[in-house]
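Asks: So the sequence lines, in the order shown, correspond to chains A and B. By the working numbering, the letter at position 132 of the first sequence is numbered 132, and the numbering carries on one by one without gaps. By the working numbering, the letter at position 155 of the second sequence is numbered 155, and the numbering carries on one by one without gaps.
No wet-lab data here; the hints were simulated from the structure. Every value quoted in this text rests on a predicted model; they were computed, and no experiment measured them. Take these hints with a grain of salt, some might be off.
Cβ-to-Cβ under 10 Å is the rule here; a few derived chain B residues that face chain A [unchecked claim]:
(1) L125
(2) T128
(3) E194
(4) R197
Computed list of lysine-lysine pairs in DSS-like fashion (alpha-carbon distance at most 27 Å, straight line) [as the list claims (entries may be wrong)]:
(5) B:K138 x B:K127
(6) B:K127 x B:K108
(7) B:K108 x B:K138
(8) B:K150 x B:K138
(9) A:K165 x B:K105
(10) B:K150 x A:K165
(11) B:K138 x A:K165
(12) B:K21 x B:K207
(13) B:K127 x B:K150
Every residue, glycine too, gets a C-beta built ideally from N, C-alpha and C.
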Amino acid sequence: MLTFDFMRHAFVASTFIAITCGLIGVFVVARNMSFLAHTLSEIGFAGASFGVFMGIAPLNGMLLFTLLSSITIGQMSAKESRREASISAISSLFVGLGILFLSLSNRNASYATNILFGSIIGISLADVYQLIILSGVIMLGLLLFYRYLVFDSYDPIGAQAQGLKTNLLSIYFLILLAVSVSIAAQIVGSLLVFILVTIPAFIAKYFAKSVPGMLVIAVGAALLGVWLGLWFGYLTNWPVTFFIAIIEFGFYFVALVYHRSLSR
Amino acid sequence: MTELVNAQHLGLAFSNHQVLKDLSFTIERGSMTSLIGPNGVGKTTLVRLLIGNLQPTEGQLVINPDRQHLNIGYVPQFRNLEAEYPLSIRSFVSLNQLDRRLPWKTRKERQALDQILAQTHLTSLQKTTVGNASGGEKQKAYLAQALISKPDLLILDESTASLDIETKEEVMALVAELNREYDLTVIFVTHDLELARKYTDHYLFLKHDQYEAGPMTQLDPNLELD
Ligand SMILES: Nc1ncnc2c1ncn2[C@@H]1O[C@H](COP(=O)(O)OP(=O)(O)OP(=O)(O)O)[C@@H](O)[C@H]1O
Ligand SMILES: [Mg+2]
Numbered sequence: 001m002l003t004f005d006f007m008r009h010a011f012v013a014s015t016f017i018a019i020t021c022g023l024i025g026v027f028v029v030a031r032n033m034s035f036l037a038h039t040l041s042e043i044g045f046a047g048a049s050f051g052v053f054m055g056i057a058p059l060n061g062m063l064l065f066t067l068l069s070s071i072t073i074g075q076m077s078a079k080e081s082r083r084e085a086s087i088s089a090i091s092s093l094f095v096g097l098g099i100l101f102l103s104l105s106n107r108n109a110s111y112a113t114n115i116l117f118g119s120i121i122g123i124s125l126a127d128v129y130q131l132i133i134l135s136g137v138i139m140l141g142l143l144l145f146y147r148y149l150v151f152d153s154y155d156p157i158g159a160q161a162q163g164l165k166t167n168l169l170s171i172y173f174l175i176l177l178a179v180s181v182s183i184a185a186q187i188v189g190s191l192l193v194f195i196l197v198t199i200p201a202f203i204a205k206y207f208a209k210s211v212p213g214m215l216v217i218a219v220g221a222a223l224l225g226v227w228l229g230l231w232f233g234y235l236t237n238w239p240v241t242f243f244i245a246i247i248e249f250g251f252y253f254v255a256l257v258y259h260r261s262l263s264r
Numbered sequence: 001m002t003e004l005v006n007a008q009h010l011g012l013a014f015s016n017h018q019v020l021k022d023l024s025f026t027i028e029r030g031s032m033t034s035l036i037g038p039n040g041v042g043k044t045t046l047v048r049l050l051i052g053n054l055q056p057t058e059g060q061l062v063i064n065p066d067r068q069h070l071n072i073g074y075v076p077q078f079r080n081l082e083a084e085y086p087l088s089i090r091s092f093v094s095l096n097q098l099d100r101r102l103p104w105k106t107r108k109e110r111q112a113l114d115q116i117l118a119q120t121h122l123t124s125l126q127k128t129t130v131g132n133a134s135g136g137e138k139q140k141a142y143l144a145q146a147l148i149s150k151p152d153l154l155i156l157d158e159s160t161a162s163l164d165i166e167t168k169e170e171v172m173a174l175v176a177e178l179n180r181e182y183d184l185t186v187i188f189v190t191h192d193l194e195l196a197r198k199y200t201d202h203y204l205f206l207k208h209d210q211y212e213a214g215p216m217t218q219l220d221p222n223l224e225l226d
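Chain A on its own, in the form it takes in the complex:
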């Protein structure tokens, strides 16, 4: 299948995105932020529609919106108790805006479908480069502050007790998350970023007791999902997103059963 350019592009881009999302997802789950990740991708949907409306690339519109809002959210809800409420409010606003932008832009419905459900097949070489660079930025961002992020994610009280700047770390992490969500949406769509960002990390939590262990498993689960998804999509012509979704669901189900059987 890799003899076709469009499949090669999809394969390379998906590989980088899956690695990035597997990594970031472990932190998202540790920080109890999967709901927030979902909201960011809805904001991304609004950003992409805005991009379509303005005639700029949907990915750039998405980056613009998610980055701006991640900083706002970071400041609005430093207090955990306020987080859920402000997140639901923000998310309703942005989905509404997304619908508005799409209808104003007079594009056909397939645009909306692509943004919501993903469209990795057929992306251009320039898009591939952009996605690789963005993935690289996220991975570098994680690497540079790895130990601080791990401490703050897995033991915020301890991290604060040792004098870490936990508020700054939160905002830093939200920025990385915003970019991750935007690129994940390129494969699985903004409605389903859960598939790549949180499910692999939840799977990893069942199998590993160390952070590096969880990172490896999450990346592995994400990679297997997108590779097999692309392959099945190629064979059947059914949506890639559908295959990735059922594969990740399958992994999660197996992990859950395994975990249950251990703790019984």
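We have chain A; now place chain B with the ligands onto it with these hints.
Replies: Structure of chain B with the ligands alone, referenced to chain A:
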């Protein structure tokens, strides 16, 4: 002995009420001080001032007057780790190894980890997840995590409160040993006067409108808290 902490007329008020008022005391390097007093009197608040988490609203608090680098290890009173918490005790303790940036641990770091786990009697439990550990084991893991950064000042906020007598003694004996061997300065927040008398040499007794400070030998032998 040199001073490590010097408080002059220290006061702290939250927006609506005054918690600490006109508090003057010193803590010497290498000493072990018990911080005692009834619930809600301001012990944890004082600790938060010491670690720089709060700023005094009155007076001044000088920490480490000779301005060498001071590393504080603080074991907070509360942690909220759920039963599903995934990290092993070993991974949890290693969270505080922050001297280097990159993810992978050096051999030296792994050895330091082994050593602290042995000292806190956690070696055989290191693969247990913190979520599955008992209350006492958790407390020892918190202590080990604070110790792994080789602090000069260790602050324990009621770390022994939920432990049985044997584990209490074990934890305090370890802290006392580190105090002797490495000149670790210790502030021990507690309601346990027996333990305070046995292991610490100074006390700071906060009451609602006043306070007492001095060597342990001067603490009223008939005193009972709460
Ligand atoms: N952030 C805050 N805002 C307002 N009041 C606070 C805050 N933190 C603590 N207080 C109040 O300050 C007082 C002292 O609290 P602190 O936690 O220091 O008590 P403590 O001596 O540690 O008590 P305990 O023995 O129960 O741990 C309490 O009345 C508490 O309600
Ligand atoms: Mg307290």
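Asks: Hints first: check each against the structure and report whether it holds.
Replies: Here is how each hint holds up against the structure:
1. L125: violated, 12 Å
2. T128: Since chain A brings a Cβ to about 9 Å from B:T128, closer than 10 Å, the hint holds.
3. E194: violated, 27 Å
4. R197: violated, 27 Å
5. B:K138 x B:K127: holds, 13 Å
6. B:K127 x B:K108: With Cα atoms ~20 Å apart, B:K127 and B:K108 stay inside 27 Å; holds.
7. B:K108 x B:K138: holds, 25 Å
8. B:K150 x B:K138: holds, 19 Å
9. A:K165 x B:K105: With a Cα-Cα distance of about 22 Å, the restraint between A:K165 and B:K105 holds, given a limit of 27 Å.
10. B:K150 x A:K165: holds, 20 Å
11. B:K138 x A:K165: This hinted pair holds, its Cα atoms lying about 24 Å apart.
12. B:K21 x B:K207: Given pair B:K21, B:K207 holds - Cα atoms ~11 Å apart, limit 27 Å.
13. B:K127 x B:K150: Given that 27 Å is the threshold and the Cα spacing comes to 23 Å, the pair holds.
Violated hints, in rising order: 1, 3, 4; the structure is consistent with all others.
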